[in-house]
Each structure stands twice: as C-alpha cells, then as structure tokens.
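Given the coordinates of chain A, assemble chain B onto it according to the supplied hints.
Each chain, written out:
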Amino acid sequence: MLVIIDYGVGNVQSVTNAFRYIGSDITVSCDPEVIRNARGLILPGVGASGYAMQKVAPIAEVIKEQAAVGKPLLGICVGYQLLFEESYEMGTHQCLGLVKGKVVPIPTDMDLTIPHMGWNYVQFAEGMRLFKDLGDGRHFAFANSFYAQVTDPDAKAAYTEYGIQVTGAVEKGNIFGTQFHPEKSAADGLQVLKNFVKICSQEDDGC
Amino acid sequence: MLTKRIIPCLDVKDNRVVKGVNFLNLRDAGDPVELGKKYSDEGADELVFLDITATIRSNKTIVELVEKVAQNVFIPFTVGGGITKADEIGVLLRSGADKCSINTAAVNNPDLLKESAERFGAQCVVLAIDARRTKGKVGKWHVTVKAGSEPTDIDAIEWAIKAEKLGAGEILLTSMDADGTQAGYDIELTRAVSEAVNIPVIASGGAGTLESLSEVLDQGKADAVLAASIFHYGTYTIKETKEFLKRNGVPVRPV
Numbered sequence: 046m047l048v049i050i051d052y053g054v055g056n057v058q059s060v061t062n063a064f065r066y067i068g069s070d071i072t073v074s075c076d077p078e079v080i081r082n083a084r085g086l087i088l089p090g091v092g093a094s095g096y097a098m099q100k101v102a103p104i105a106e107v108i109k110e111q112a113a114v115g116k117p118l119l120g121i122c123v124g125y126q127l128l129f130e131e132s133y134e135m136g137t138h139q140c141l142g143l144v145k146g147k148v149v150p151i152p153t154d155m156d157l158t159i160p161h162m163g164w165n166y167v168q169f170a171e172g173m174r175l176f177k178d179l180g181d182g183r184h185f186a187f188a189n190s191f192y193a194q195v196t197d198p199d200a201k202a203a204y205t206e207y208g209i210q211v212t213g214a215v216e217k218g219n220i221f222g223t224q225f226h227p228e229k230s231a232a233d234g235l236q237v238l239k240n241f242v243k244i245c246s247q248e249d250d251g252c
Numbered sequence: 063m064l065t066k067r068i069i070p071c072l073d074v075k076d077n078r079v080v081k082g083v084n085f086l087n088l089r090d091a092g093d094p095v096e097l098g099k100k101y102s103d104e105g106a107d108e109l110v111f112l113d114i115t116a117t118i119r120s121n122k123t124i125v126e127l128v129e130k131v132a133q134n135v136f137i138p139f140t141v142g143g144g145i146t147k148a149d150e151i152g153v154l155l156r157s158g159a160d161k162c163s164i165n166t167a168a169v170n171n172p173d174l175l176k177e178s179a180e181r182f183g184a185q186c187v188v189l190a191i192d193a194r195r196t197k198g199k200v201g202k203w204h205v206t207v208k209a210g211s212e213p214t215d216i217d218a219i220e221w222a223i224k225a226e227k228l229g230a231g232e233i234l235l236t237s238m239d240a241d242g243t244q245a246g247y248d249i250e251l252t253r254a255v256s257e258a259v260n261i262p263v264i265a266s267g268g269a270g271t272l273e274s275l276s277e278v279l280d281q282g283k284a285d286a287v288l289a290a291s292i293f294h295y296g297t298y299t300i301k302e303t304k305e306f307l308k309r310n311g312v313p314v315r316p317v
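Here the protein sequences line up with chains A and B, keeping their order. Going by the numbering used here, the first sequence opens with residue 46, and the numbers climb by one from there. Going by the numbering used here, the second sequence opens with residue 63, and the numbers climb by one from there.
Simulated from the structure, these hints should not be mistaken for laboratory data. Mixed in with the good hints there might be a few duds.
Between beta-carbon pairs, the in silico distance windows are [said to hold, decoys possible]:
id : chain 1 : residue 1 : chain 2 : residue 2 : range
1  : B       : Thr-115   : A       : Val-79    : 32 to 42 Å
2  : B       : Lys-197   : A       : Ala-102   : 32 to 42 Å
3  : B       : Gln-281   : A       : Arg-81    : 52 to 62 Å
Within a straight-line C-alpha distance of at most 20 Å, the following computed EDC-like cross-link-like pairs (lysine to aspartate or glutamate) qualify [what the hints assert, rightly or not]:
id : chain 1 : residue 1 : chain 2 : residue 2
4  : A       : Lys-109   : A       : Glu-130
5  : B       : Lys-227   : A       : Asp-197
6  : A       : Lys-145   : A       : Asp-181
7  : A       : Lys-217   : A       : Asp-178
8  : A       : Lys-100   : B       : Glu-220
9  : B       : Lys-283   : A       : Asp-154
10 : B       : Lys-122   : B       : Glu-104
11 : B       : Lys-283   : A       : Asp-156
12 : B       : Lys-75    : B       : Asp-90
13 : B       : Lys-199   : B       : Glu-250
14 : A       : Lys-145   : A       : Asp-197
15 : B       : Lys-197   : B       : Asp-239
16 : A       : Lys-217   : A       : Asp-181
17 : B       : Lys-199   : B       : Glu-220
18 : A       : Lys-100   : B       : Asp-215
19 : A       : Lys-239   : B       : Glu-180
20 : B       : Lys-224   : B       : Glu-177
21 : A       : Lys-100   : B       : Glu-180
22 : B       : Lys-227   : A       : Asp-154
23 : B       : Lys-308   : A       : Glu-206
Glycine included, each C-beta is placed from N, C-alpha and C at the ideal position.
Next comes chain A alone, as it looks inside the complex:
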C-alpha cells in the first residue's frame, strides 16, 4: 500500500484520483504508524513552501526516518521543494534536507509571466527510473514561481527551459521529486506515477 501524506496543504484529492485511476492501492493519512507501514510515500503540496514546512513539521522526523531506511518517497510540487535543504520563499525556511540544494525564485526580470504556468518540455537525465518508457523528455504541467537549485552530486536532475534552466524533477536513490504535477499531466504524467508504483513494489520485493 502507498500512502499520500496529508498534512493539510495541497491538492490531495487530485493526487488520490490519479493513483486510483491507475489502479494503485492508495491511502491518505498523516498517522506515523500508517506512514511506517507503507510501501512508498507521496508528499504532495501546493502553495508556499514555508507554510508547507510548518505544517509538515510534526511528521518531518518520521518522513526522514523512512527515507533513511530506503522507502521510496515521491515529492510533488511544493512537496518536492520540501525535499531540499532550504527554501527562500517568504523568508528562509529549513526543509527536510534529503537532497542537497535550495529553493529560489525564478528571476522576475526576464519578461516572462510568473508563475511559470502551463505545459513545458522536460529533458530527462539518463537513467532516471521515474521516466522509464518516456524517451528523452516530455511535456508536463507546471505551476511554480520558485524552483530548486540542485547541488547534490548523488542526484540526477531533469530540466525545463523558462528563460533559465528550471529543475523539473530530481532522483537520488529512493528519493524522487517532480516540480511539475504528474497527476495533472495527462497520460505521460500517469506513466510517471505508474513508474513510481513499480519502483515501490520492486524495493519491497528486495527487502
């Protein structure tokens, strides 16, 4: 069973709908025991990362503990931004620190609309398990004003162009994250979720 961590920030229903649609056994919870018993975790989230981190704080240690024992974790949008060390959205906020990097604003002086809203082409890095069977890159749905600068030598990152290179996704061992919304990215997005479900069952078999 996979668990969508519901910490009161985000489009939990959209994420739940997508996992149910692909036939995955999914539960929505913020109970540490349920989280510990899951095969894989999904950390969704929309809005501001500082507020999200504040809301996730009571279960942050459980998430870190489970990530450390190798349980697959997928962060989406703000949930993805929380995977990094620090965010500069409305102040400076310490995040989960599972991937080295920081979350910074997309520059506003490029004559581009902010938020970065809509479908953009994401170029994958080689060997990213999250994008298996999707070729070199695909379009995904974004809605972000901030992005992660990944500095982790052990992480693979996928990028999209928006005046600058904006990180679209990251992958480091059992830690996965997408700045875009796979649950809102039509068939290709659903394929990303299917890949995550598959990763979760493989990791489980290996234990």
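What follows is chain B alone, placed relative to chain A:
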C-alpha cells in the same frame, strides 16, 4: 519552451453543460463528466468548469458534480461560479479542483484575492474578469459582474493590475461583447491586459475560426485560449486545433 494552452470551458447549469450567445439563449451541450473526460483524454491542456447559476457556495449537488468530473480529469482543473469566501475554495480544492476562479466577490471584496492567495498559493487563484467595451470611449473596457448582467465603473485594465498586486496568479479575461458570437476574440482588450500584468492571461469569448485562436495568442499576447462552442459542437477537435496552431508557429503541447 512553455507552450500556449488550449482550454475547453464547461458552462454548467442544472448538471448540464450549456452555451449561449453573449451569456443569453442557452442551449444544451452535453454531460459535464463525459465532456470533461473527453477533453482530458483528447489532449486539452486544462479544463474550466463554471457554475453559471453561481450557486457553488450553497449547492452540494454542484460540489458533488465537481468531484465526479475531477475523477476523470488528469489536466489542471479550474472551478468557479459564485465563490464568495476562501473557505469555499478550500472545499473545492478538496473536491479535486486545482484552481478556483473568482469574479463578482473579488470586485465586492478585493481582499478575498489576498486571503485566498495567502492560504492556498497564488497559483490556484484565478481572477475572472467579464469586460465590456465602454461606449463612446476607444480602448476602454469596464468590468461587469453577476455573469455580465451588471456594469460597474471599474476599468478592466486597472482592475487586472490591482488583482495581480493582491495575489491573483492568473487572469481569465472574457470579452462580453464577443462571448458566444464565434466572431473572434477581442484582440485589443486581451493585448492591453496582457501587457499590463506579469501573470498569465487566458483569453475568452468569441472563439470561432482557428485563425481567431492563433491571432489572440500572437497579436493579443495571451498565454492561453479558452473556448466552448467550437469544441462542444464539434466544429474542431483539440487535435485539429493544435495542429493548426503548430503550423502557424504557435508552440503547443503535442497531442
């Protein structure tokens, strides 16, 4: 490169999708759950659901309908029609909406935009503006409220600028003069608003020929186009629309 978005709009009344001309003479256009799924599967980039009776805040049936539509829609999904409080946005987001559009209530209480953006993030706050050309003044549009039935003395461009400052993450701009006529978008209005703000602008009202879509994205500088009649009545499919736009140099997500 960020692509231009093609957005079908479901105007919903009594659990059915309807479409009129200049917001009047409504005719049936289908079932919202079926149409939502069809557009999501066919390659639309987003879906908008507007309760044109503006009863979302008090109508449990409409919220249940939003839930049903959302279960089969895997593209960003905006819901609006009669939202008056940030709490109502919370309910709709929990029902499967990704963004909410606010119109009349924001005119009556601009701080609603600020409160909503603070609670849910600017990315889910869409300000809907129903603008009408002001008679006797060139290049001037005023905001109308209550589904276009009541004019105000608020200038549409100034309102868009103010809304961005308050926290709106996007503007859904409908030309009341063009809506449902299929005679083309109001390019001048769309361009004026797009140039005045830094948030994305969705052009709405008047979609007819595919050239009209291409024009408002290019000359009108819109980030997205919303259309209803041309898709509901099968004049064009999403695929035909995107292929046409691509041939005309507009970046679109391939179907």
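- Query: Broken hints, numbered, in rising order?
  - Reply: 2, 5, 6, 8, 10, 18, 19
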